[in-house]
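*Asks:* Fit chain X to the supplied structure of chain C, relying on the hints for placement.
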Amino acid sequence: MDAATPPESAKAEQVNRPSIWPKVPPTFVRAVLSGHSGLGLVAAALIYIVCLSGTVAVFLNELKLWEEPAAPTQTHASPQAVQAFAEAITKAHPKAGVVYMGLPTPEMPRLHAYVGEQVFVADAQGRIAGEASAPWAHFLEHLHIYLHLPETVGLIVVGLVGAALTGLIISGFLAHPKIFRDAFAFRWAGTKRLSQADLHNRLSVWGAPFHLVVAWTGAYIGLASLLLFAVAGVTTKGDLAKVTAPIYGVVPKPDPTPAPFPDLVKTLAWFDGKPELEPTLISLTALGTRGQLVEVNAVLPKRLVYAERYEFDGQGRMIKTLGLSNDGLGKQVFASSYPLHFGSFGGLPVKIAYGLLGVALCVVTSSGVTIWLTRRRDRGRPAPRLEKAWAAIVWGSTATLALSAALWLALKVSPVWGFWAPLALLIAAAVAVKDAPFWTVGLRTATSVTLAAIVVVHAVKFGGLSFSGVALGVNLSLLALAAVIAPWRRPLDRRAF
Amino acid sequence: MSATVQTGLAAAATLAVAVGVWLLWLAWKRNPKPRGGLIAGGWALLVTAAVLLAPWAGGDRGVAISTLLVAVAATIFIVISGRWTLPRGKKAKPIRATAGGAEPAPGPASTWPRTVAAVLLALPVSTAAAVAAGVALAVWTPGAQADKLVTAAFGAPLILAGAMVWTCADRKLLRTTLGLVGLTTVCALAVVLRPH
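Sequence lines, in order, name chains C and X. With the working numbering applied, the first sequence covers 538 to 1034. With the working numbering applied, the second sequence covers 9 to 204.
Extracted from the complex, chain C is given alone in its bound form:
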């Protein structure tokens, strides 16, 4: 019986009816719990940083609009403007192999084009209005997907983190056979270990479908490249394109013979009278050559798949569809995994739910390590340096993530340095001096102050643009976060238990 369970419950427990849950052998539970703890400790820091950055990255489009509020927006782009923009971009960047053109959508109301890592936006006539690459949002995206490592290595490392998280979620349920029976029990006012265990277990139970889907799809996205290389090595003598052709389609052979620029007006006209298809992205490959390829992604509003892809010839005639929405279960699962991972299948309400459940996953990760540390302390074997380091990782990464945004907006300091260098210093300082509560309270305060500072810097830099549209929503959210994170109340005196 734990310290905070009242005597009434103890009596109730004794006369409890047989559980509807199958009995699990205690030795199995203890062994799985050992694996759960061990794996969690090894991977916790990386899991936490990937989850934190992923939670913020759910709102990537909103952050891009917030970071570049002066760039022109439009709710609809005429086909003529799209044609003009494509030609202008190709003329300005003739060596760009592939150009991706984003059409205005409610979530990203801009006609924009990706050329490498640069993003250009168009005005209503399709003229290049300027660059809106949103470097901080780009930094955030790379932090989540690559941890700022070289891309292939980073993707695999993040995939391993996803696999570890998947293992932790599954082993967590195997190691806690009573977790469903106690699905609503939450005792924040209890011993530290009890409150953290309740927090960990309750958020784990109800967030489980989301957590498992995000972790599993994350592992899949990260490790797919490694697996595809292996499959290609075994089955197609290393020809990766041949392996991926059933999913991504056949890549045509390059033919540099000059050819007329594709007719995007006719291409987009194919979607007229098809209200169930909303074209959102055009990918243009090897433009102005005979080997050119025009592909259009169209969103199907009531489907989980991210889009259906249509291939067109230079005259705007539709040649074929890729079949992401209807050609077999495999393709549909593949095309559904990205919206499920990034929370992009239901507009802002789904994003907010993803944001909240993402915070829950961060809390589950944080409390998992705290439970282990508290157990050690309760047994008379405290690990004060680890406690301080963990406090610095949990609250230091939130503080330095906010700091990287403030420094980028104010002084154009590289966000990569603005995030990692202070975080490393904070962890080193935390290990060396003071105690864990000092660092927790101090870094919560620092996070709160820095979030508020971001809003001030944004307002000074962009003036009235900070107080309208999406930028206003983001700024108000940042201020709300600052208020929630600030350590207003003294921690509970848990010595009473």
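Some hints here could point you the wrong way.
As the list claims (entries may be wrong) - Mimicking EDC-like on lysine to aspartate or glutamate, the simulated pairs with C-alpha atoms at most 16 Å apart in a straight line are:
no.	chain 1	residue 1	chain 2	residue 2
1	C	Lys729	C	Glu845
2	C	Lys632	C	Asp792
3	X	Lys156	C	Asp864
4	C	Lys949	C	Asp915
5	C	Lys839	C	Asp800
6	C	Lys803	C	Asp864
7	C	Lys839	X	Asp68
8	C	Lys715	X	Glu111
9	C	Lys632	C	Glu644
These are computed hints drawn from the structure, not numbers from a lab.
*Replies:* Showing chain X alone in chain C's frame:
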């Protein structure tokens, strides 16, 4: 189906989620009294919510959205019924919960050399086994080529996740080593001996 009817069904689905979670919460509160009806009713309403959402959101999207709704609704019930303050000077509010959890068994990382071995088993050796199993799945899974690839791409991370947990749990390093090397070998043989 008109937009009004679809929106009405979506609203009904939201209500079904709220009532379904409430019934499950009541069942949790009532334990050890009979509560099978509450549990069955709660889950039935949650399933019904996913069905009701389908006309408005689509089948697969409806399931995903209703699952999110359940998570949010349950969290609200937990927050409402949780114990947040110290019960100073008065009787503690009873919170139904079973006795404390188990203690973990000693893991494999008892010394530095064993820790290094366990980490090597959990990362490169497990990854190699998972990739080998993934390639075998890509080769042997029946069906279209896309189905084979997707099964492999989703299967390999699950195998890796299981291998990571196993290598962090099992004190017998030789057993985990043999298990993972054996899995890799069997999968490699399955790939090599596939019909061409």
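*Asks:* Confirm or reject each hint.
*Replies:* Evaluation of the provided hints:
Proposed proximity of Lys729 of chain C and Glu845 of chain C is contradicted: the alpha carbons are some 50 Å apart, above 16 Å. Between the alpha carbons of Lys632 of chain C and Asp792 of chain C the distance comes to roughly 15 Å, so the proposed pair stays at or under 16 Å and holds. About 14 Å separates the Cα atoms of Lys156 of chain X and Asp864 of chain C, which keeps this hinted pair within 16 Å; it holds. Of the pairs offered as hints, the one joining Lys949 of chain C and Asp915 of chain C is violated, with about 47 Å between alpha carbons and a cut-off of 16 Å exceeded.
Between the alpha carbons of Lys839 of chain C and Asp800 of chain C the distance comes to roughly 29 Å, so the proposed pair goes past 16 Å and is violated. A C-alpha spacing of about 26 Å is found between Lys803 of chain C and Asp864 of chain C, which places the hinted pair above 16 Å, so the restraint is violated. The straight-line distance between the Cα atoms of Lys839 of chain C and Asp68 of chain X is roughly 8 Å, inside the 16 Å bound, and the hint therefore holds. Our distance criterion of 16 Å between C-alpha atoms is met by Lys715 of chain C and Glu111 of chain X, whose separation comes to about 14 Å.
Between Lys632 of chain C and Glu644 of chain C the alpha-carbon distance is near 30 Å, which puts this suggested pair outside the 16 Å criterion.
Hint compliance for this structure: hints 1, 4, 5, 6 and 9 are not met, and every other hint is.
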